[in-house]
Structures are given as structure tokens and as C-alpha cells.
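Chemist: Sequence:
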Amino acid sequence: MSVTVGESTLCLVRAAAGGDERAWAALIDRYGPLVMAVIRRFTISRADAADVNQTVWLRLVEHLDRIREPEALPGWIVQTTRNECLRVLRAGHRTWLFDPLDGAAETLVSTAAPEPGELDERLLAEERRQALRDAYAELPPRCRELVGLLLVDPPLSYEQIGERLGVPIGSIGPTRGRCVHRLRTCPALVAFIGAAGQSDSHVRKEARRDAAAVG
Numbered sequence: 001m002s003v004t005v006g007e008s009t010l011c012l013v014r015a016a017a018g019g020d021e022r023a024w025a026a027l028i029d030r031y032g033p034l035v036m037a038v039i040r041r042f043t044i045s046r047a048d049a050a051d052v053n054q055t056v057w058l059r060l061v062e063h064l065d066r067i068r069e070p071e072a073l074p075g076w077i078v079q080t081t082r083n084e085c086l087r088v089l090r091a092g093h094r095t096w097l098f099d100p101l102d103g104a105a106e107t108l109v110s111t112a113a114p115e116p117g118e119l120d121e122r123l124l125a126e127e128r129r130q131a132l133r134d135a136y137a138e139l140p141p142r143c144r145e146l147v148g149l150l151l152v153d154p155p156l157s158y159e160q161i162g163e164r165l166g167v168p169i170g171s172i173g174p175t176r177g178r179c180v181h182r183l184r185t186c187p188a189l190v191a192f193i194g195a196a197g198q199s200d201s202h203v204r205k206e207a208r209r210d211a212a213a214v215g
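Quick note on the UniProt record's numbering: the sequence shown kicks off at 1 and runs consecutively.
Warning: the hint list may mix true and false statements.
Said to hold, decoys possible - What follows is a list of derived Cβ distance ranges for each label pair: (1) Arg-90 - Glu-69: 28 to 34 Å; (2) Arg-59 - Pro-140: 31 to 37 Å; (3) His-181 - Arg-46: 40 to 46 Å; (4) Val-167 - Leu-86: 48 to 54 Å; (5) Pro-154 - Ile-28: 30 to 36 Å; (6) Glu-163 - Asp-65: 45 to 51 Å; (7) Gln-54 - Arg-22: 18 to 24 Å; (8) Ala-25 - Asp-65: 40 to 46 Å.
Simulated from the structure, these hints should not be mistaken for laboratory data. Just so it is clear, CB atoms sit at the ideal spot from N, CA and C, and this is done for glycine as well.
Full structure from sequences and hints, please.
Modeler: Structure below.
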């Protein structure tokens with residue numbers, strides 16, 4: 001299997017379940033930041049953090065052939081990582097994610113455990129970013145290219161975008177509309193908005209706002 005930037009999660013899961021090492025590596029690249037974002041919210045040692053990270057991927061290997069809804073994978077990863085972090089804490093490994101001998105008080109402040117509400121908000125925000133990345137990855141190549149150009153800072157003019165894509169200026173607006181619609185209706189983003197809507201309307205609105213940013 002040749003893994004591409006826009007490879008759908010479903011294709012990657014199926015290929016990885018079949019033993020494709022490149023697909024497995026692509027899954028780790030895609031969801032590794034999400035795992036680490038969850039781990040960083042818990043005050044566990046570096047060794048325990050590495051253990052949790054490894055265990056999460058082992059759990060995924062065990063469940064790959066049972067995944068029927070890949071759009072739910074980010075949520076599964078978040079919950080599994082949380083569970084593993086809690087398991088470590090319950091085992092009594094309550095150590096800080098910093099070297100106590102380095103004398104850096106700032107480290108203690110930056111790694112102190114957040115309040116429960118803040119923790120949930122950060123995790124939801126990371127899930128939102130991951131859902132948007134997944135949705136973007138599943139767009140057709142032409143849409144990904146256009147959306148990427150629309151989000152350039154400073155903004156490009158339609159004339160500049162048309163030159164880069166080799167398309168008439170008049171076609172950019174209608175194409176943008178179709179691409180934004182595809183982005184908003186991608187299973188990964190729809191699943192996240194639905195799940196977030198059950199617990200956090202603010203994060204749901206943020207996801208919709210980000211999806212609309214190219215519109």
C-alpha cells in the first residue's frame with residue numbers, strides 16, 4: 001500500500017489490520033499528537049508516560065480488526081489514553097513530569113494538574129483539531145490544495161490562487177463552496193460535532209467556526 005497525505009482513516013485501519021507497516025506508521029503519525037496531548041494533562045513520570053503511549057498503541061493493535069467506524073477512532077484513542085493514565089495513577093505512581101533537581105519553579109507551574117473543567121476543555125480542543133485534520137485529509141486532492149491556499153496568511157487574492165491552481169478566477173468561488181461543504185460533512189468532523197454537542201456547546205461552535213473559516 002502506498003500511503004498518501006489524504007489517505008482515509010478507514011483505508012489506513014484496514015491496511016494496518018492486514019499487516020501493512022506503512023499504514024500503521026501513518027496512523028501513529030496522524031494520532032500520535034492526540035495521545036501525547038492527553039498524556040500531558042496527567043501528572044505522571046516520563047517513564048510512565050512512555051509506558052502509557054506504548055500501551056495505547058498495543059490496545060489499538062488488538063482492536064484494529066474490530067473497528068467499524070473509523071471516524072470514532074479519535075474518541076476511542078482519547079478514552080483509552082485517559083484510562084491508561086488513570087491506571088498508572090491508581091497504581092501509586094504519582095510523580096511529576098519534570099526533574100525535581102532542575103530547580104525550575106516554572107516547570108512545576110506549567111506541569112501542575114489542571115482543574116477538571118480545564119482538562120476536559122483542553123482535551124476537547126485537541127479532539128476538535130484532530131477531527132479537522134482528519135476531515136481535511138479526506139478531502140479530494142484538489143479541495144485540499146484550494147483550502148490550503150485559502151488559509152494562507154497573509155491571504156492570497158483569487159487571482160493569485162487561480163494562477164497557482166491553473167484555474168479561471170470565476171471557478172474559485174463555486175469550487176470553494178463545494179469544498180467547504182465536503183469539509184463540513186466529512187464523517188470525522190460530523191462525528192466530533194455530534195459527540196461534543198452532548199457535553200460542550202462551546203467546543204462544538206469552535207469546530208463549526210474553524211470549518212467555516214475557509215468559507
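Chemist: A separate judgement is required for each hint: does it hold in the structure or not?
Modeler: Hints and how they fare:
For the pair Arg-90 and Glu-69, the beta carbons lie near 30 Å from each other, so the given range of 28 to 34 Å is met. The hint said 31 to 37 Å for the Cβ distance between Arg-59 and Pro-140, and at roughly 32 Å that hint holds. Checked against the hint of 40 to 46 Å, the pair His-181 and Arg-46 passes, with Cβ atoms roughly 44 Å apart. A beta carbon spacing of about 51 Å between Val-167 and Leu-86 agrees with the range 48 to 54 Å that was offered as a hint.
Between Pro-154 and Ile-28, the C-beta spacing of about 34 Å keeps the proposed range 30 to 36 Å intact. For Glu-163 and Asp-65, the Cβ-Cβ distance of about 47 Å falls inside the hinted range of 45 to 51 Å, so the restraint holds. Restraint check, Gln-54 to Arg-22: a C-beta distance of roughly 20 Å satisfies the suggested window 18 to 24 Å. At roughly 18 Å, the beta-carbon separation of Ala-25 and Asp-65 lies outside the given 40 to 46 Å, and the hint is violated.
This entry does not satisfy hint 8, going by the numbered hints stated previously; all others are met.
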